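*Asks:* Okay, here's what each chain looks like letter by letter:
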Amino acid sequence: AQTVTQSQPEMSVQEAETVTLSCTYDTSESNYYLFWYKQPPSRQMILVIRQEAYKQQNATENRFSVNFQKAAKSFSLKISDSQLGDTAMYFCAFMIKGGGSQGNLIFGKGTKLSVKP
Amino acid sequence: DSGVTQTPKHLITATGQRVTLRCSPRSGDLSVYWYQQSLDQGLQFLIQYYNGEERAKGNILERFSAQQFPDLHSELNLSSLELGDSALYFCASSQSPLHTEAFFGQGTRLTVV
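Going down the list, the sequences are from chains A and B.
Counting with the working numbering, you get residues 984 to 1100 for the letters of the first sequence.
Counting with the working numbering, you get residues 5 to 117 for the letters of the second sequence.
These are computed hints drawn from the structure, not numbers from a lab.
Where hints are given, some of them may not hold.
Think about it this way: if two alpha-carbon atoms lie no more than 25 Å apart in a straight line, the pair counts; the simulated DSS-like pairs of lysine-lysine are [claimed, not checked]:
#1 A:Lys1056 - A:Lys1099
#2 A:Lys1092 - B:Lys61
#3 A:Lys1095 - A:Lys1038
#4 A:Lys1095 - A:Lys1061
#5 A:Lys1080 - A:Lys1099
#6 B:Lys13 - A:Lys1080
#7 A:Lys1038 - A:Lys1056
#8 B:Lys13 - A:Lys1092
#9 A:Lys1080 - A:Lys1092
#10 A:Lys1095 - B:Lys13
#11 A:Lys1080 - A:Lys1056
#12 A:Lys1053 - A:Lys1080
Small disclaimer: the values here were computed from a predicted structure and weren't measured.
Full structure from sequences and hints, please.
*Replies:* Right under this line is the structure:
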């Protein structure tokens, strides 16, 4: 079975600063995807960034980047130049590639991020 | 707006009752997923449908059932409700299981009293 662990229940950062959210996972699969989803107070789940396990290059989307360490099973999210609108719950998620389980997300418990002015 | 529509947004019902949650996926999406978000269990995958057929099951209770109709909308039926079923229920859709970007609806907040 796959598990996703987010060890930081809450974090805060000053506006314009950089913050890193941690995520570790456990799996015996070799082909999979990793995601970070954002859930603002509106409760809408929004995809922030996605990484394919076979790609060694870390994914980047504007101010969001990941540090993917496959051997360590670590997948952290770095938010640069934090903005007030980044205040949200952030969920790390795992998806097996291929087979009947593809499409199904396994989520961590989340990290509540507060960006302070 | 993700394009995924869930109704109702809020639902309050009594223990023992049955409710139906509805989801309309994004236009063109054939896959529908249901997730439950609760304080105790976090976000859990319940069930997946693809083009009308059940494709995968997660931690879905026997009291819960779902289906996807020919027009691709989906319904999640929850019966014999218990206090512990109070949660936010999300529907998500994607073009197919091969498409990894899922778009989530805004959820249905179910409160069982």
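*Asks:* Determine for every hint whether it applies to the structure shown.
*Replies:* We went through each hint and held it up to the structure:
This hinted pair does not check out: Lys1056 of chain A and Lys1099 of chain A have alpha carbons roughly 31 Å apart, beyond 25 Å. Taking the CA atoms of Lys1092 of chain A and Lys61 of chain B, the gap is about 20 Å. The hint holds against a cut of 25 Å. Note on Lys1095 of chain A and Lys1038 of chain A: the hinted pairing is violated, with a Cα-Cα distance of about 28 Å set against a maximum of 25 Å. A distance of roughly 14 Å separates the Cα atoms of Lys1095 of chain A and Lys1061 of chain A; the hinted pair therefore holds under the 25 Å criterion.
Annotation: proposed proximity of Lys1080 of chain A to Lys1099 of chain A is violated, straight-line Cα distance about 38 Å (limit 25 Å). Between Lys13 of chain B and Lys1080 of chain A the CA atoms are separated by roughly 32 Å; this puts the pair beyond 25 Å, and the hint is violated. Of the supplied pair hints, the one linking Lys1038 of chain A and Lys1056 of chain A holds, its CA atoms being roughly 14 Å apart against a limit of 25 Å. For the suggested pair Lys13 of chain B and Lys1092 of chain A, the alpha carbons sit about 23 Å apart, so the restraint of at most 25 Å is met.
Of the pairs offered as hints, the one joining Lys1080 of chain A and Lys1092 of chain A holds, with about 22 Å between alpha carbons and a cut-off of 25 Å not exceeded. Proposed proximity of Lys1095 of chain A and Lys13 of chain B is supported: the alpha carbons are some 23 Å apart, at most 25 Å. Taking the CA atoms of Lys1080 of chain A and Lys1056 of chain A, the gap is about 16 Å. The hint holds against a cut of 25 Å. Distance check on the hinted pair: Lys1053 of chain A and Lys1080 of chain A sit about 15 Å apart at the alpha-carbon level, within 25 Å; holds.
Checked against the numbered hints above, the structure breaks hints 1, 3, 5 and 6 and satisfies the rest.
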